[in-house]
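If you read the sequences in order, they're chains A and B. Number 395 in the working numbering belongs to position 395 of the first sequence; there are no gaps in the numbering. Number 42 in the working numbering belongs to position 42 of the second sequence; there are no gaps in the numbering.
No lab work stands behind these hints, which were simulated from the structure alone. One or more hints might be untrue.
Unchecked claim - To give a feel for the contact side, a few chain B residues facing chain A, derived at Cβ under 10 Å: (1) G52; (2) V54; (3) D77.
Stated by the list, open to error - With a straight-line Cα cutoff of 25 Å, these simulated DSS-like cross-link-like pairs (lysine-lysine) come out: (4) A:K431 <-> B:K51; (5) A:K976 <-> A:K910; (6) A:K884 <-> B:K42; (7) A:K901 <-> A:K976; (8) A:K431 <-> A:K232; (9) A:K486 <-> A:K213.
Where is the CB? At the ideal position from N, CA and C, for every residue including glycine.
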Amino acid sequence: MAGSYRISGQGRLTPAKTARFTFDGKSMTGLAGDTVASALLANGVHLVGRSFKYHRPRGILSAGAEEPNALVTVSRDAARKTPNVRATVQELYDGLDVASQNRWPSLSFDVGAVNDLASPFFSAGFYYKTFMWPKAAWKNFYEPNIRSAAGLGVAPDQPDPDHYSSRYAHCEVLVLGGGASGLAAALAAAETGARVIICDEQAEFGGALRFEKGAVIDGQDGWAWAQGVAAKLAAMDNVTLLSRTTAFGYYAQNFVGLTERVTDHLASPDREAPRERLWQVRAKRVVIATGAIERHMVFANNDRPGVMLASAARTYLNHYGVTVGRNVGVYTANDSAYAAAIDLKKAGIGIAAIVDLRDNPSGPLVDEARALGIEVNHGRAVTSVNGSQRIKSMTVQAKAGGAERTIAVDALLMSAGWTPSVHMFSQSRGKVAFDADTRRFLPGTYAQDCVSVGACNGSDSLEGTISQALEAGANAARDAGAKPGKGASIKVEGAEGWSGGMLGSGPGAGAETTVKAFIDFQNDVTAKDIRQAVREGMRSIEHVKRFTTNGMATDQGKTSNMHGLAIAAEALNKEIPEVGLTTFRAPYTPVTFGAIVNHSRHALFDPTRKTPTHAWAEGHGAVFEDVGQWKRSWYFPRSGEDMHAAVNRECATVRKTAGLFDASTLGKIEVVGPDAAKFMELLYTNPWEKLEVGRCRYGIMLREDGFIYDDGVVGRLAQDRFHVTTTTGGAARVMNHMEDYLQTEFPELNVWLTSVSEQWAVIAVQGPNSRKIIEPLVEGIDMSDEAMPHMSVREGKICGVPTRLFRMSFTGERGFEVNVPADYGRAVWEALWAEGQKHEACAYGTEAMHVLRAEKGYIIVGQDTDGTVTPNDAGLDWAVGKKKTDFVGIRGLTRPDLLAKGRRQLVGLKTRDPRDVLEEGAQIVENPKQAIPMKMIGHVTSSYWSENCGRSIAMALVAGGRDRIGETLYVPMPDKVIEVEVTGTVFFDEKGERLNG
Amino acid sequence: MLLIRCPYCEEERPELEFRNAGEAHIARPTDIASISDEDFEKFFFIRSNPKGLVFERWRHVHGCARFFNAARDTVSDKFLLTYKAGEPKPDASTLHAEGGPAAWANRPPDQLNEKPKAKRSTKGEA
């Protein structure tokens, strides 16, 4: 027998199929089909964890997904460690390793339990009030210490070695929940031929039939019927039946997220199989059949191990064949707990007494209990229990008070009634309505195409549930466009009714400060905390919730919300609907990061874009930098060189002979059509109509507000064809900006825009020898200065492949940019490299490119501009067509603020000590001796060591900067104040002679 | 994730394929260079941002790449209508929610078997 509390002849598991597992290192035996909880209970273990705040010993409350207490860490190996797993959900497999949480040094002796004794100091709102001062201590002292003392499991410290998969699915009818109602609805929908998906969080379908003994459906035992229907559905081509699958989120337009646990229940999972599968389902209709959750009774020490929900004890007996005790007490406010007592009694377990808070309980279950000889005490309450790590007795008292009677028990089953699971309905934005008769929230106004059936819709009888579900399933399929099916009918006998119950606290959960009558077990919230929140002025349930943290734990208040609400309402002297219900939010139960992140890890986290010469650069030792999604060669260190030395050499080599640079990442847009020039006139500040074919121009693009949006060199290939380049980072947004204006503001223009960024590889060859390097490889282009001056573009061939050859320079040297079809990029690069070797040219990276352009005062949009810089601010007024009557930004440029004096203008800065290199972003002041906070008049935008200038250089945006040229300003740094001289932005070859050098 | 109907592709596609592009029906003045500061402020800076019905621009950027207009209810997040750029602004009173909550889903369980009534009009709610 796998465990001494396993009762022979009870339950549905096979006694021969044993599974070994360990709990806190101790070896135990369970059965295949057990959960960790049922296996522990079979071994007589109730104490499985310590609570979040008070470190109180905690046991197993439930037998399902609502479990707030029995959270454990499950490990397969060092990397496969999952904290905060609900023992009631984790299926047992041979070799499973389970550890309790939030205890030190051991579960039975926990130092942190001192918090329980000190609990008068830890009442609701304690954190908010106590740790306010001193401010700095929060970060360095309070928070780290609170975090280590409170909390649950420990996050795994190794990367997750498993993989997760993801599927999109579409169906006519999605059924959430596979109990009697879900199965009936799925069956009715499936018979129409509609595509149906049905999911359930449990390993097997059947829902409450798992414990509800005695229900006979279509002449069969209820559980057997459920298995038969599940098998029938599984065999249908139009049905997807998903067990171990939780619907965790209900989003817009019937988009529902499901997680399927594929391998967590297997002893040796196939490593090729995903651990979990995320389903993103779009359904035409959703049937919500999520059942109801039993509530606990609220009384002193109701959290002691051995105190549990009546339905849970019934599940352990009727499904797992496990009794939760030998001498069991029952405390209830409705009928359903009687069924648990009856089942246990019939299985030979002693029932010490049933304590019923109701004055005159009656009905067949009550009669049957009495007939079985069970003592029924009505009009009485359990006011407390004794026993810390396991309940020893319960204290019973008449509701009105009076003598206390202590009854020895080793388990106490409780039921305060059933809370319909309106979570998914509420997540769908449906509004719940309070049913005053039954004192519960039920689906009210729907916001989406869904329907609730069964216990989650307030149905109390199995018969009613099934007939409702059949109709709803058939209707859903019909409304989703399916043809009517033959119709199904299901006959139900012998089922129980579950109505009744109570909300809030019973006697014994009084206001005394020492009484701990728990509402929310996981967050250690007691009835007095709720009352205190009201006393301290919280009026809305949303405030009560946040002040007490009631319902904010990972169980989302499945057992606690209604009690908390009722107590708050009572304390406020209001009706429950007036206090309101907090919003249910996704996820219904915790979802792993693995399932959500899914394939988006490592290389698949974000696309990586590589240029055609990437492999060549790797082979030549390039260090890469990330520029957006691009990998760009940053610098090419030679043996013994650090970055500084490599960049200095690259910068010097370009100006001395030549360098090759991969500029393929530049955005490239082809603007074509009869109105191409007209369009360019509208999108850029410059004039374009008169630009000759074969010539280029540096263009500036503004937003409508007059600020610089992008820049780039534009070549006119034909009267009706422009080759536009953009910044690397701006490629996509510039294309969007152009399309926006073309489609919506200037649709009359006959122009086509095509992004060709990926089609052209661009190899910049810059330096005095650049022409000599390219010329031998080119056919059909006269590259002489006369035939091809600076800022011109020619089409021809290079290395036998087509090229658009630009003569342009971002270095200030004679320079070219060779565009070739991307597939030829590497071959042409290598041919140019071979030619370059004859002239001792180098390959240079983005860092040298930045330095070289800064030496010439060429701006980089996004570095020297920040979205608040006008062409005038940047010293680029010359690029704004003065005679133009319209372009995007023309009106913005004349806004008063943009014309005002004292705007920040781009200037150069030279440090007094040429070896000081300023920090980019550093602030600039006029007088470094002024009081803090100093008046900042600008900031450094670009700053480098320039080997070619033999000193540091910088650019900065400074208020009224151009009028300050020659002035001394200061850059205060943490260790010193750096003195700088304001200069022009050109540091090298001010006359620009080298462009033709 | 929302489904959005592209009026050019004439089908519903997932939200991921689209990008919002701000309020619709704000035309760039043809004489923009000569408008007053106040008119420029109205054109460029001032947006209505109402609760409820909005007219906004979307781009089917990962599809046909066309810009189009939509009428959407910001409270329910429902698209009431999408239409091509350049088409006139629809009259708010004529907008009906397509695919709004089905009437059959809005009834108590004991009335589930009744025949659904005509689809609920959201007239006036938008």
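Item to complete: Double-check V54 (chain B) for me: the hint is only fine if its C-beta lies closer than 10 Å to a C-beta in chain A.
Response: At about 16 Å, which exceeds the 10 Å cut-off, the nearest Cβ of chain A leaves the hint on V54 (chain B) violated.
Worksheet item: Is the hinted pair K901 (chain A) and K976 (chain A) satisfied, with a Cα-Cα distance of at most 25 Å?
Response: violated, 31 Å
Discussion item. Tell me if the straight-line CA distance from K431 (chain A) to K51 (chain B) falls inside 25 Å.
Written reply: holds, 19 Å
Worksheet entry | Per-residue hint verdict: D77 (chain B), partner chain A, C-beta under 10 Å | holds, 6 Å
Worksheet item: Hey, K884 (chain A) versus K42 (chain B), does the alpha-carbon distance stay inside 25 Å?
Response: Holds, because 24 Å separates the two Cα atoms, which is no more than 25 Å.
Practice prompt. Mind checking the alpha carbons of K486 (chain A) and K213 (chain A) for me, to see if they're no more than 25 Å apart?
Written response: violated, 30 Å
Worksheet item: Is K431 (chain A) close enough to K232 (chain A), meaning Cα to Cα at most 25 Å?
Response: Violated, at roughly 35 Å.
Practice prompt. Below or equal to 25 Å on CA atoms is what counts here, so check K976 (chain A) against K910 (chain A).
Written response: holds, 16 Å
Discussion item. Holds or violated: the hint that G52 (chain B) contacts chain A, with Cβ atoms closer than 10 Å.
Written reply: Violated - the Cβ of G52 (chain B) stays beyond 10 Å from chain A, reaching only about 15 Å at its closest.
Hint check: violations occur at hints 1, 2, 7, 8 and 9; the rest are consistent with the structure.
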